[in-house]
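Modelling step: build the complete structure from the supplied sequences, incorporating the hints.
Chains as they are written, first to last, in the working numbering: chain A, 1 to 283; chain B, 284 to 342.
FYI, nobody ran anything at the bench for these hints, they're computed from the structure. Possibly wrong hints are sitting among the right ones.
[Stated by the list, open to error] Facing chain A, according to a computed beta carbon distance under 7 Å, are these residues of chain B, among others:
1) Glu315
2) Pro316
3) Met317
All residues carry an ideal CB built from backbone N, CA and C; glycine is no exception.
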Amino acid sequence: MSYDSFLADEPVIVTAALTGGVHGKEATPNLPESPEEIGRAAAAAERAGAAVVHLHARRPNGERTFDTGRFQAIDDAVRRHADDVIIQHSTGGTAAPDADRHRPLRTDPAPEMASLDMGPLNRYAHLTSENTRGLVDSLYDEMHERGIKPELEVFNDGHRNEIRGLLDRRDLADPVYATLIFGPGTLTRPTPRNFLTAIDDLPEGATFNTLGFGRHQLPFATMGVLFGGHVRVGLEDNVYYRRGELAASNAQLVERVVRVANELGRPVATPAEARAILGLRGV
Amino acid sequence: MSCPYLSYRAAAGDHEFDTERAYCTAAERFVEPMRADICNDRYDLDHERHCEIYREHAE
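Here is the structure:
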């Protein structure tokens, strides 16, 4: 995808990353944690223009869990509150055993999409999220078996090589869908030049989603809109609306990027349009 | 064995929660959920190896 896609008025898919697994209500009280809170946040994000919700699961005290039952409770709440939004489960999980990383794929029905981290990233001072190729392949295989579209999470430039390696090892359905992640630490350094390099370096025919951490969320989402990609916003990646002001909700962040897309003349995809663009199985 | 600096509480300072959450008595702040896995030595994590706050206070 490119600036030509922008000029061609192709719809932009907005993903709302509602809660994440790293920070919780200690960072912002507006971050949803319980299934009911996540369900209501998903519905509000959908009303604001999100076609996809990216979901993690939490224990009742806000801590991470990979429990299938907890993901099921979240999905049930999302379907109860939202209309037609696409459910995307995270399979990310620093230090969690490989078996646990598979558990988000096993809800009934399976999520239409799931994240697939393309390689290692550093956490804090003494911790690495490994994401070995063996784990990537096994997660991909279960996704393929269950009809789940992988969202390839590209945390840095080397992970684009890993996409090509995965394409050598496995037969991914078109279009290949990669989320390009920009920010501090292990992430690709957030500069416009790096963004352009990243989108130019994707495999032929791939489509991309744009994710900027923290203060980079809005400018990188705007670049994603301009260069024919898709965008992800939400409290998982950024808890502020502007410097020193916490975002009131995930929906507020979605509303803002939808306004940007509207101002730039790019239509925002409905969930049905997003399913067609991404080649999802539907539910 | 969990980190000796870990406690669970529902309120501290300006923060108040409906359920008790992980609190680091060394850093005197509530703990991010992913850090709570280190505090609790879940999975293969170990607070003595992986937590810079514990290491700093243990020295």
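Tested hints:
no., hint, in the structure
1, Glu315, "5 Å, holds"
2, Pro316, "5 Å, holds"
3, Met317, "5 Å, holds"
Consistency note: the structure conflicts with none of the earlier hints.
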